[in-house]
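Given these sequences and hints, build the entire structure.
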Amino acid sequence: MSMIIDANVQPHFRYNAEIRHYLSSAHKLRAIPDVEQQWYQAPRGDYRQDLYGDGYPGSDPETVARHLFDDGGVDYAILNPLTRGNIADYLLNSRICAAVNDWLVDRWLEPDATGRFRGTIRINPEDVKGSLAEIERLADHPKMVQVGVPLQSREPYGKPVFEPIWEAAAGHGLPVAVHVNGGNGVDYAPTFAGHAYTYPGYAAFMPLNSFVHLATLIIEGMFGRHPDLRFVFADGGYDLLTPLMWRLDTFWMSMRDQTPWVDRYPSEYLPNHVRYCTSALDGPTDASQAERWMDFTEKADLLMYGSSYPHWSTATPDAAVAGLNSGQREKVLWRNASDLYGVAAEVEGSLT
Amino acid sequence: MQRRPVCAIEDLPPGTMKLVEAGKFGVGVYNIDGSLYAIANYCSHEGAPLCAGYVRGTTEFAPEAPGQVRYVREGRVARCPWHNWEFDITSGVNLADPQKRVRTYEVDVSDGQVYLIA
Numbered sequence: 001m002s003m004i005i006d007a008n009v010q011p012h013f014r015y016n017a018e019i020r021h022y023l024s025s026a027h028k029l030r031a032i033p034d035v036e037q038q039w040y041q042a043p044r045g046d047y048r049q050d051l052y053g054d055g056y057p058g059s060d061p062e063t064v065a066r067h068l069f070d071d072g073g074v075d076y077a078i079l080n081p082l083t084r085g086n087i088a089d090y091l092l093n094s095r096i097c098a099a100v101n102d103w104l105v106d107r108w109l110e111p112d113a114t115g116r117f118r119g120t121i122r123i124n125p126e127d128v129k130g131s132l133a134e135i136e137r138l139a140d141h142p143k144m145v146q147v148g149v150p151l152q153s154r155e156p157y158g159k160p161v162f163e164p165i166w167e168a169a170a171g172h173g174l175p176v177a178v179h180v181n182g183g184n185g186v187d188y189a190p191t192f193a194g195h196a197y198t199y200p201g202y203a204a205f206m207p208l209n210s211f212v213h214l215a216t217l218i219i220e221g222m223f224g225r226h227p228d229l230r231f232v233f234a235d236g237g238y239d240l241l242t243p244l245m246w247r248l249d250t251f252w253m254s255m256r257d258q259t260p261w262v263d264r265y266p267s268e269y270l271p272n273h274v275r276y277c278t279s280a281l282d283g284p285t286d287a288s289q290a291e292r293w294m295d296f297t298e299k300a301d302l303l304m305y306g307s308s309y310p311h312w313s314t315a316t317p318d319a320a321v322a323g324l325n326s327g328q329r330e331k332v333l334w335r336n337a338s339d340l341y342g343v344a345a346e347v348e349g350s351l352t
Numbered sequence: 353m354q355r356r357p358v359c360a361i362e363d364l365p366p367g368t369m370k371l372v373e374a375g376k377f378g379v380g381v382y383n384i385d386g387s388l389y390a391i392a393n394y395c396s397h398e399g400a401p402l403c404a405g406y407v408r409g410t411t412e413f414a415p416e417a418p419g420q421v422r423y424v425r426e427g428r429v430a431r432c433p434w435h436n437w438e439f440d441i442t443s444g445v446n447l448a449d450p451q452k453r454v455r456t457y458e459v460d461v462s463d464g465q466v467y468l469i470a
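Here the protein sequences line up with chains A and B, keeping their order.
So in our numbering, spot 25 of the first sequence is number 25, and the numbers just go up one at a time.
For our numbering, count along the second sequence from 1 and bump the result up by 352.
Think of the hints as simulated: they come from the structure by calculation, not from any bench.
No residue lacks a Cβ here, since even glycine has one placed at the ideal position from N, Cα and C.
Some hints could be false.
Claimed, not checked - Quick list of simulated restraints, FRET-style, between CB atoms:
(1) GLU298/A - ARG453/B: 21 to 29 Å
(2) PRO142/A - GLU426/B: 51 to 59 Å
(3) SER2/A - ARG453/B: 43 to 51 Å
(4) PRO418/B - MET255/A: 13 to 21 Å
(5) PRO164/A - GLY378/B: 48 to 56 Å
(6) PRO401/B - MET255/A: 17 to 25 Å
(7) ARG422/B - SER2/A: 45 to 53 Å
Have a look at this one:
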């Protein structure tokens with residue numbers, strides 16, 4: 001059996017104001033950031049040039065289905081929409097998340113004739129109560145397969161303030177996907193050292209932030225306390241994972257007594273708790289080194305194909321697994337995602 | 353391997369250590385609460401003089417305790433002076449990774465004299 005699961009697709013509203021159809025009267029006229037309004041923009045726009053047209057790129061379910069399923073050979077696509085970034089009014093932000101979720105169900109998941117779209121419950125972690133309510137509201141929807149949060153956060157996700165959210169997600173068997181969610185909102189600088197000068201610096205180093213979340217989730221004991229908690233880092237950066245985990249493992253050997261609840265090497269938490277999506281920016285630039293690089297710390301078990309469609313850096317399945325051996329390809333293209341999201345069983349009988 | 357005299361037992365009271373010249377790096381002989389143990393003076397990490405480090409206890413996870421830690425094994429844990437690796441002196445086992453251990457040696461007492469087999 002072989003198939004392809006695209007674990008990272010960003011559907012968009014047809015136009016910015018469409019979100020207002022899904023907001024209550026109390027919030028309908030509030031100021032809401034438009035997409036593509038942040039400072040760090042790819043030259044000529046964040047999304048594939050050929051997809052700008054009648055509506056926004058990635059906004060028409062039939063077009064997206066044609067591009068991914070018919071042209072790209074993908075069998076399942078996990079939709080993870082953006083929510084306009086963090087904003088200071090965290091209660092409003094939670095309503096924006098709910099509007100995005102209602103839109104995803106209404107426009108993408110329920111009318112989907114292909115049966116191949118799966119969805120993400122977007123929540124705002126700065127509003128813990130609102131996040132819990134939103135997870136409870138939608139967790140039982142049969143096509144919602146994960147919870148989505150921004151990469152940008154004002155505290156690392158290993159902090160105990162977020163624990164009720166992760167506990168709820170794990171309790172419903174939903175992985176938590178972390179994805180860049182840029183807006184003109186309330187964010188820290190994109191790198192630890194401050195602001196990148198131009199977009200390439202931003203795009204290259206922004207995924208490093210995922211490691212701060214990951215390190216705190218391990219060291220502050222979140223994974224230890226919640227054996228069913230899974231995190232997906234959807235912007236890539238898996239190629240940076242190995243040296244950073246080496247550092248974490250090394251420090252743990254010396255300072256284990258400060259965090260005795262970490263009862264194994266930090267890197268040993270990865271197989272049960274962490275997945276990364278592929279990114280066009282990741283990995284060796286020479287494909288002949290990709291196979292060996294992938295074998296370090298058994299990364300082939302951690303990585304899932306994600307196209308980032310309709311982003312300018314959209315990668316085809318072939319490009320994502322260039323240079324890998326057949327076992328690695330199988331894991332990256334579908335097996336890891338199938339195990340995580342539980343879509344294999346449905347497919348087994350219908351596709352070969 | 354040979355049986356080497358270390359010192360009189362009254363010169364090695366509980367909580368102390370004697371470093372014995374044996375082999376290339378020496379062996380530390382410890383009295384912990386009246387029982388004698390010996391470990392190589394050579395950290396399994398990068399070869400530091402392990403017996404020159406602190407002898408303390410360590411922490412274990414205790415969810416209900418303040419700070420969520422409990423202090424245990426007082427006087428039984430050698431900490432490497434270079435990178436703080438912890439070893440249980442009574443077994444030579446590293447507390448973080450049991451695969452990494454330091455060598456232990458036999459110690460005995462005869463007619464008030466401590467002997468090390470190393």
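Checked hints:
{"no.": "1", "hint": "GLU298/A - ARG453/B: 21 to 29 Å", "in the structure": "holds (25 Å)"}
{"no.": "2", "hint": "PRO142/A - GLU426/B: 51 to 59 Å", "in the structure": "holds (56 Å)"}
{"no.": "3", "hint": "SER2/A - ARG453/B: 43 to 51 Å", "in the structure": "holds (46 Å)"}
{"no.": "4", "hint": "PRO418/B - MET255/A: 13 to 21 Å", "in the structure": "holds (20 Å)"}
{"no.": "5", "hint": "PRO164/A - GLY378/B: 48 to 56 Å", "in the structure": "holds (54 Å)"}
{"no.": "6", "hint": "PRO401/B - MET255/A: 17 to 25 Å", "in the structure": "holds (20 Å)"}
{"no.": "7", "hint": "ARG422/B - SER2/A: 45 to 53 Å", "in the structure": "holds (52 Å)"}
The structure shown violates none of the earlier numbered hints.
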